[in-house]
Amino acid sequence: MKTNPTIVKILVSIALIAGIAGLILSLTPLKMIALIPSVLGIVFGIAAYAIAKSKKGKLGFIYMVLIIATIGMVTSLVREFGMEDKVAVDEQFQETTKQAATETEEGDDLEDALDELEDLE
Amino acid sequence: MRILILVLIYVALLGGVSAQVPSTIPYQNGEVLNFKVSYFMKSLWTDLAGLEMKVIDVPGKSKPINRLEFNASTFSSWDSYVKIRHSYQTWVDEASVKPLIMKQNSDVKGHTKDAKYSFKFKSGIAAIDVSSSDGSPLKKDLTIYANTYDIVSLLYYLRTLDFEKLSPGKSFPVTVLFLERILKINVKYLGKETISIEKQGKKSCYKLAMELENNFVVKKDANFLWLTADSNRTPAQITAIFKEGQVLVKLTEAKGLKN
Chain A
1 MKTNPTIVKI LVSIALIAGI AGLILSLTPL KMIALIPSVL GIVFGIAAYA
51 IAKSKKGKLG FIYMVLIIAT IGMVTSLVRE FGMEDKVAVD EQFQETTKQA
101 ATETEEGDDL EDALDELEDL E
Chain B
1 MRILILVLIY VALLGGVSAQ VPSTIPYQNG EVLNFKVSYF MKSLWTDLAG
51 LEMKVIDVPG KSKPINRLEF NASTFSSWDS YVKIRHSYQT WVDEASVKPL
101 IMKQNSDVKG HTKDAKYSFK FKSGIAAIDV SSSDGSPLKK DLTIYANTYD
151 IVSLLYYLRT LDFEKLSPGK SFPVTVLFLE RILKINVKYL GKETISIEKQ
201 GKKSCYKLAM ELENNFVVKK DANFLWLTAD SNRTPAQITA IFKEGQVLVK
251 LTEAKGLKN
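Just so you know, the sequences run in chain order A and B. FYI, this note's numbering numbers position 39 of the first sequence as 39, with every residue one higher than the one before it. FYI, this note's numbering numbers position 191 of the second sequence as 191, with every residue one higher than the one before it.
It should be emphasised that the hints constitute simulated quantities derived from the structure, not laboratory data. For each residue, glycine too, the CB sits at the ideal point set by N, CA and C. Misleading hints may appear alongside valid ones.
[Said to hold, decoys possible] Now the stretches of chain A that chain B is said to cover, found in silico as 3 or more residues with beta-carbon under 8 angstroms:
1. 12 to 25
2. 83 to 89
3. 96 to 105
Turn these sequences into a full structure, and let the hints guide you.
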């Protein structure tokens with residue numbers, strides 16, 4: 001096998017950076033945005049593969065980059081469509097709001113406010 | 001992220017719809033609506049938070065009162081980066097949906113705010129009482145009008161209107177007390193539109209435009225509300241444009257509906 005031409009090295013470098021960025025982002029809440037670098041990684045990786053293959057260059061590293069970019073893309077899609085986002089139970093905040101409600105309903109504020117509506121219409 | 005929006009001068013031309021007294025109340029005690037809040041970032045929608053709205057009867061008062069709850073929280077995957085909690089609780093007169101008291105509790109990345117609005121319609125004022133973790137307390141009175149609502153009671157009030165009696169293009173003014181300011185909003189009925197609702201498929205909805213006088217938290221003329229065109233008039237979708245980007249709120253679950 002011959003060494004890869006410069007253009008292949010450039011394409012693989014871009015694909016690698018994009019693929020890693022996509023993989024990292026796919027594990028964060030920005031999982032849909034991770035699709036952008038992941039797809040770019042795959043596109044550049046395929047371009048690098050096509051040129052390297054035609055020039056009988058080395059393909060091993062290109063395969064690895066394509067795998068990384070694909071894992072990033074699949075992770076994004078699985079997390080987006082296969083897993084449901086949930087709100088965590090925040091007991092402390094719930095207690096705050098419950099207290100606010102109890103104060104209002106046990107006091108005289110509501111009756112005073114109802115008096116303000118008397119004979120309005 | 002700031003969530004959800006929402007104050008006036010009376011011009012006639014209501015087109016047959018009374019903006020004063022609701023015709024029917026399309027919701028009941030125990031109704032729970034869940035929504036998903038998404039942000040449009042970098043050409044893609046990103047889910048950010050959950051929103052829950054509830055109706056609860058308040059017993060033991062001289063007139064029937066509902067407590068309308070509006071609770072918004074970032075999804076757990078976001079909490080490590082930007083944890084946001086907002087709770088708005090509004091007590092309304094059940095028959096007229098007029099707000100009596102509104103309480104806000106908010107926690108945005110550790111910064112807390114507690115606010116109370118007391119609506120005194122006979123006196124024409126709302127007493128504002130605000131305290132926050134990083135500001136001085138605020139107490140003041142604001143002038144209100146017979147058709148002044150807060151953001152939660154406004155949404156439920158709009159649900160009581162009979163849109164079948166309105167022709168597309170008809171509008172009416174309301175005022176909303178939000179973030180310690182009175183906002184003038186022109187609500188315009190745009191007609192029916194079919195949209196897709198999670199777990200319900202495609203449904204016909206009444207589409208409303210909420211036009212503010214000026215940009216305030218949201219762009220003044222890019223806020224829309226869809227209510228299902230049935231006897232529940234459930235809020236199905238809301239869109240708004242904030243300074244940071246576009247927000248989409250979509251109904252994901254509805255329980256305890258009246259009809």
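Annotated coverage of the segment 12 to 25 of chain A by chain B, confirmed only when three residues or more have a Cβ within 8 angstroms: violated (count 0)
Taking a Cβ-Cβ distance under 8 angstroms as contact, does the segment 83 to 89 of chain A have three or more residues in contact with chain B? holds (count 4)
Tell me if chain B covers the segment 96 to 105 of chain A under the three-residue, 8 angstroms CB rule, please? Held - the segment 96 to 105 of chain A has 6 residues with a Cβ nearer than 8 angstroms to chain B, which meets the minimum of three.
Hint compliance for this structure: hint 1 is the single one not met.
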